[in-house]
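Reminder that position 211 of the sequence shown reads as 215 in this note's numbering, one-by-one numbering, no gaps.
Wrong hints could be hidden among the right ones.
[What the hints assert, rightly or not] Pair by pair, the computed Cβ-Cβ distance ranges are:
id : residue 1 : residue 2 : range
1  : S372      : Q464      : 37 to 45 Å
2  : S76       : L231      : 30 to 38 Å
3  : H213      : T366      : 30 to 38 Å
4  : S279      : R468      : 18 to 26 Å
5  : R468      : A65       : 39 to 47 Å
[As the list claims (entries may be wrong)] In silico lysine to aspartate or glutamate, DMTMM-like type, Cα no more than 25 Å apart, as pairs:
id : residue 1 : residue 2
6  : K483      : E38
7  : K380      : E141
8  : K236      : E254
9  : K483      : E465
10 : K483      : E315
11 : K380      : E364
12 : K380      : D436
13 : K377      : E364
14 : K377      : E318
The hints are simulated quantities; they were obtained by calculation from the structure and are not laboratory data. Virtual Cβ for every residue (Gly too), placed ideally from N, Cα, C.
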Amino acid sequence: MASTDVAVVGAGPAGLSAALTAANLGLKVTLIDELPAPGGQYLVGNPAIHSRDTKQPPFSAAERQGLALLGSLAQTSVETRFETLVWHLGSDYEPFPRCWTLGLYHFPPELGGQGGIAGKVEYLTAGAVILASGAREQVVPFPGWTLPGVMTIGAAQLLARRHGVAAGRRVLLAGSGPLLLPAAVHLAGLGAEVVALLEATHPLDWLPHGPAVWGNWDRVAEGRRYLAALRKARIPYRFGQTVVRALGAEGLEAAVVARLDSRGRPLRDTEEQISVDALCVGFGFVPNSELAQLAGASFRFDPANGGWASELDEGLQTSAPGLFVAGEAGGIAGASAAMLEGRLAGLGAACHLGRLNEAERTREQTTSAGRRKRAKRFGVMLNTLFAPPPGLSAITTQDTVICRCEEVTAGEVRAAILAGGFPLTRGAMTLDALKTRTRVGQGPCQGRTCGPILARMLAQETGRPPTDAGMFHVRPPIKPVPLAALAGGEQP
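The whole structure should be built from the sequences, with the hints applied where relevant.
And the structure:
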C-alpha cells in the first residue's frame, strides 16, 4: 500500500493549484486524475496552452494562470497518477491517526491507459485529501435526446480541445450559460458549420444581475473576445430559444427548436426544424460530490452553488477532519475561483498536517478574501440566471427516457411519484425511493445524469422544495470497476 501526505483528486485548475501549493510547503503530494494529462476539461487540449507554435492567445486571465500552473507542475516533486479512477474514499483503515484510504483503479491499455499498473486496483493512504473533482452538466430531457449525435456541450468541448475532432459537420448548440460561447468558437475553428447558438435566457433577464459583474472585468473581457469570434465566424446567436425535439431514425437528422415564454415554456406555434448531424445541449452545472458523500461529509442544498455541495469551513475543510473540497466540486464559480480555492485548500491541508501554522493560513486567506468573494458572487449569478427554467419541463414527454442506463421513462417516474399502492401506501418522495421503485440511478453512471433531472421532477410533481428529494445514497465503487481488478486479478 502506497502512502502520501496529501492526495489531490482532480488535476483541473483547482487540483493543480492545490497540489502545487502543498508541494511547495514541503509535503509529499499525489495528484490523481482520470484523464491522460493534467488540466481537467478546462485546460486539456487547449491549443493556446498545449501548442507552443500556435498564434491563438489565451482568451482569459484564467487560461494564462492555468498555463503557469501546468508549466510549474513538471518542476515540482508532485507525484502524478493519470488515467486513474478513485473509486473509494474512507478512513476505516488507520495505520496512524486521521489517515484516509483511497481505492485507485488504473485503466487497462485498451481503455486508454498508457502507464501505471494497467487494469489493477491499488490503495493509497493519505494524511489529508483534497477533492477537486469538478462538476458535470445539467440537461433537460426531450424526445430524441438519446439519439447518436446528441451530446452535452462539455462532451463536444472535450472532443474538440483534446482530440481536435468536431462533433459534426452541421452543429446546433442549445442551452444556457457562457459555456455555449467557447464551444461554438472551438467547433467553428475545426471547420464545423455552427448553424446557430440558442441561449434559453434573454439579455433583459441579465440586467438585475449586473452588480455581480463588478470587479470581474477579466470575465467581461473574455466574453467580449468570444462574442467577437462568433461575429467573425458569422454564427447566429439567438436568445429566448431552445431545442424541443431531436429527429432521426438511427442517428440525429434534425432538431426542432422553439421560442420560450417568460417562464421558459416552449411556444409551439414558433417551432422550426433545422437539419443538423450534431446537437450539443447544456444548462449549467452541478458539483461532483460522490467521494465527499462516501467519506461522510455533511452537505447542504444551495441553488446559488449549483445544488448539493459540501459544507465547508473558512479553510475549505469539510465536516470530516482532513478532507478538503476546492473548486467546482464545492460550488460552481468558474476557473478563477477554483484556482484561488485550490491554493486555500492546499494551505489548509498543510495546516492540518502541522506543516503550516494557523496564523500563516489565516493571513493568506485574508489576502485572497476579496478576490474570492468577487469570483463567488459571479458564480452565484451564473447559477441563478442560467439554471434550467421551470417551464422547460414541458419538453419532457411521458415517453422521454430519463434514466438512460436503465431506460426508465418520464411517465414511469411520474407514476411512481404520484401513485401509491400495495405494499407501499404512498408515492415516491425521494431519489432513493424512486431508485427502489423504478431502478433509476442503478446503472453504470450511478445517477450522475438523471439525479438532478429527477430532483427537479420530484419538486415539480409534489410541490415540495428540492431539498426534500435528497441525494442518491452512494456506495463503493462509485464508478464501474471490473470485479477481477477488485479481487486482485488482472484484466483478461
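Going through the hints against the structure:
Evaluation of the 37 to 45 Å hint for S372 and Q464 yields a pass: the beta carbon distance comes to about 40 Å. Remark: the range hint 30 to 38 Å for S76 to L231 is upheld by a beta-carbon distance near 32 Å. Separated by about 32 Å at the C-beta atoms, H213 and T366 satisfy the suggested range of 30 to 38 Å. At about 42 Å, the beta-carbon gap between S279 and R468 misses the expected band of 18 to 26 Å.
Hint check: R468 to A65, Cβ distance near 42 Å, so the stated range 39 to 47 Å holds. Distance hint between K483 and E38 is fulfilled; the C-alpha atoms sit about 11 Å from each other, no more than 25 Å. Annotation: proposed proximity of K380 to E141 holds, straight-line Cα distance about 19 Å (limit 25 Å). The hinted pair formed by K236 and E254 fails the criterion: a straight-line CA distance of about 34 Å is larger than 25 Å.
At roughly 30 Å between alpha-carbon atoms, K483 and E465 are farther apart than 25 Å, so this suggested pair is violated. Between K483 and E315 the alpha-carbon distance is near 23 Å, which keeps this suggested pair within the 25 Å criterion. Restraint check: the Cα-Cα separation between K380 and E364 comes to about 23 Å, which is no more than 25 Å; the hinted pair holds. Restraint check for K380 and D436: not satisfied, since their Cα atoms lie roughly 31 Å apart, outside the 25 Å limit.
Pair hint K377 plus E364 holds up; C-alpha atoms about 20 Å apart against a cutoff of 25 Å. About 12 Å separates the Cα atoms of K377 and E318, which keeps this hinted pair within 25 Å; it holds.
Checked against the numbered hints above, the structure violates hints 4, 8, 9, 12; every other hint is satisfied.
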